[in-house]
Amino acid sequence: MTNHKGNFLDLLKANECQIQLDLPATSGNGASPAIQEIEGTTVLAVRYKDGVLIGGDRRATAGNVVMYDRADKLLQIDEHSVLAIAGSPAMAYEMARVLEHSFQYFRRSQLQELSLEGKLRTLSRLIRENLPMTLQGIGGVIPIFAVYDLLNEDENGGKIFFYDALGAHFESTDFATSGSGSVWIRGILFYQNRWGEKPLADMDEQEATVTVLRLLDAAAEYDSATSGYNPKSNIYPTVKTITKDGIQDLSVERLQEIYAESVETTYAR
Amino acid sequence: MLDEPYRWLEAVNNRRDYIEDQLRGGSPVVGLRYEDGLLLVTIGRGQRKIFEVHDRIALSAIGHSADIERLRMMATDTASVQGFQSSVDDVTLHRLTNFVLGPTIKQSFEAIFGSAYIIKMLMAELGVRGEGDGFVALNYDGTLQSNPDREVIGGTHEAETAMQHYLSAADTSESSLTDSLQLALETWVVGWGLGLQQTEADSDEDANEDSELTTDKERLHEVLRDELQAGEIEGAVLETSRRTNSKFRLLTSGEIDAAIADWL
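Going line by line, the protein sequences match chains A and B.
Using my numbering, count along the first sequence one by one with no gaps and you end on 259.
Using my numbering, count along the second sequence one by one with no gaps and you end on 811.
With the rest of the complex left out, here is chain A (with noise of 0.2 Å):
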């Protein structure tokens, strides 16, 4: 019995199990692609004073064709990480079910969790093994990953972390947004975060619940890929917390007392 020192990825195809991760390249014709591919759209990321508060809309669409208005975009991966994934949902959610059972792995075979490092390491690897696809126009993933560091020396151990096609992995301070919808809202975090009333890392989980459901209905105001609240079958933005405590998801009621209260408000005339 081969002992592959905790790494998932190693064991999987020692059993010759592949994941979809794996599919090799078709046509690299450059040409676009034949099949319309569903796709994710906007989520975001504040450090909040607690640690980091994550939302996402819950519209996927393929071309101009809204496929599923249920899509859960935020993916816990363990008890202290979240992945939000915008792009081809096929290859995000695979990513995420590797990520968890990967974490789960090394801490069952080698006794001990995997270092935060080690964690945004693995997520590296697997970006830059969907590489082929990303290149061919389908199956692209940009994540982006929110944390709270247990081990972190300053009060708010909240993190959040943010890749590029190729896997390259990067720390924001403040805020990350990811999918089609956020080139429309990260301007307006900026702002917020500079000249607003208070800076993110300030707020407290209400205050910081306000902001990320008001860009989220920002961005569906201009981006058709994103969804909103949806009245109609009351559909709410997902939103969760990462604290020391772990995570939590933000409960519909919570969110549909806040839409009420700070977002739906209309203009006098």
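Simulated from the structure, these hints should not be mistaken for lab results.
One should not assume that every hint holds.
[Claimed, not checked] Taking CB as the label site, the calculated pair distances span:
| no. | chain 1 | residue 1 | chain 2 | residue 2 | range |
| --- | --- | --- | --- | --- | --- |
| 1 | A | Glu247 | B | Ser634 | 32 to 38 Å |
| 2 | B | Gly677 | A | Leu121 | 43 to 49 Å |
| 3 | B | Gly661 | A | Ser105 | 35 to 41 Å |
Ideal placement from N, C-alpha and C gives every residue a C-beta, glycine not left out.
With the hints as your guide, set chain B onto chain A.
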């Protein structure tokens, strides 16, 4: 000469004696139910003995540490690959013990020119929706024994019988963690103390105290106190109410201290 049936039987029996001799000094492991799941407890000397195999499966063992490690990795690898390939719901203790670990152990036990696993394992599984909880004990020859509420492994067959007997009247399904932990530790002492007496009995013939331990709690706690000078309590639970997918966690020192506070 081993192609003669009698010789083969003799060789297997020699092997049995040899392995039992090696296992004799093993620190018992006690598996018990408590109100929020399943509990595994032992007293170790530095080496960790209770492990997480998968979301709902835990493993503990006595024996040679290299053998424990080999089988632990086999269980972990198999469970991890299966859980990923199909679903974590398809990883069950029954499949692991009956189709993977049991046959592996038996095969090397009977392959008398190779080395046998010197091991006894106690595994626990937390079922889904409150059904199918239980313990499985695997012997060094690949046979297994299961029980939904309690199971033990110890250095000798006699120690195991005494521990089973000590537990037989107890129903811990409504017990708090502290209560179950206390009962498990007492059971451990019963098994361990019997082993001690038997080693002493080899030199002097005065071994008829085993009933004393099971009736005299004071004496039992005294033995435990002595053992804690050198050893350390190790415990883990598969906890139903745990929020994450993985239900396994090691007991904290606070939880262990709460159980033994009155006895120290």
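Has the hinted range 32 to 38 Å been met by the Cβ atoms of A:Glu247 and B:Ser634? Hint holds: Cβ distance 36 Å, inside 32 to 38 Å.
Are B:Gly677 and A:Leu121 spaced within 43 to 49 Å by their CB atoms? holds, 46 Å
Outcome for the supplied range 35 to 41 Å, where the beta carbon pair is B:Gly661 and A:Ser105: At roughly 39 Å between Cβ atoms, A:Ser105 and B:Gly661 fall inside 35 to 41 Å, so the hint holds.
Violated hints are absent here; each numbered hint is respected by the structure.
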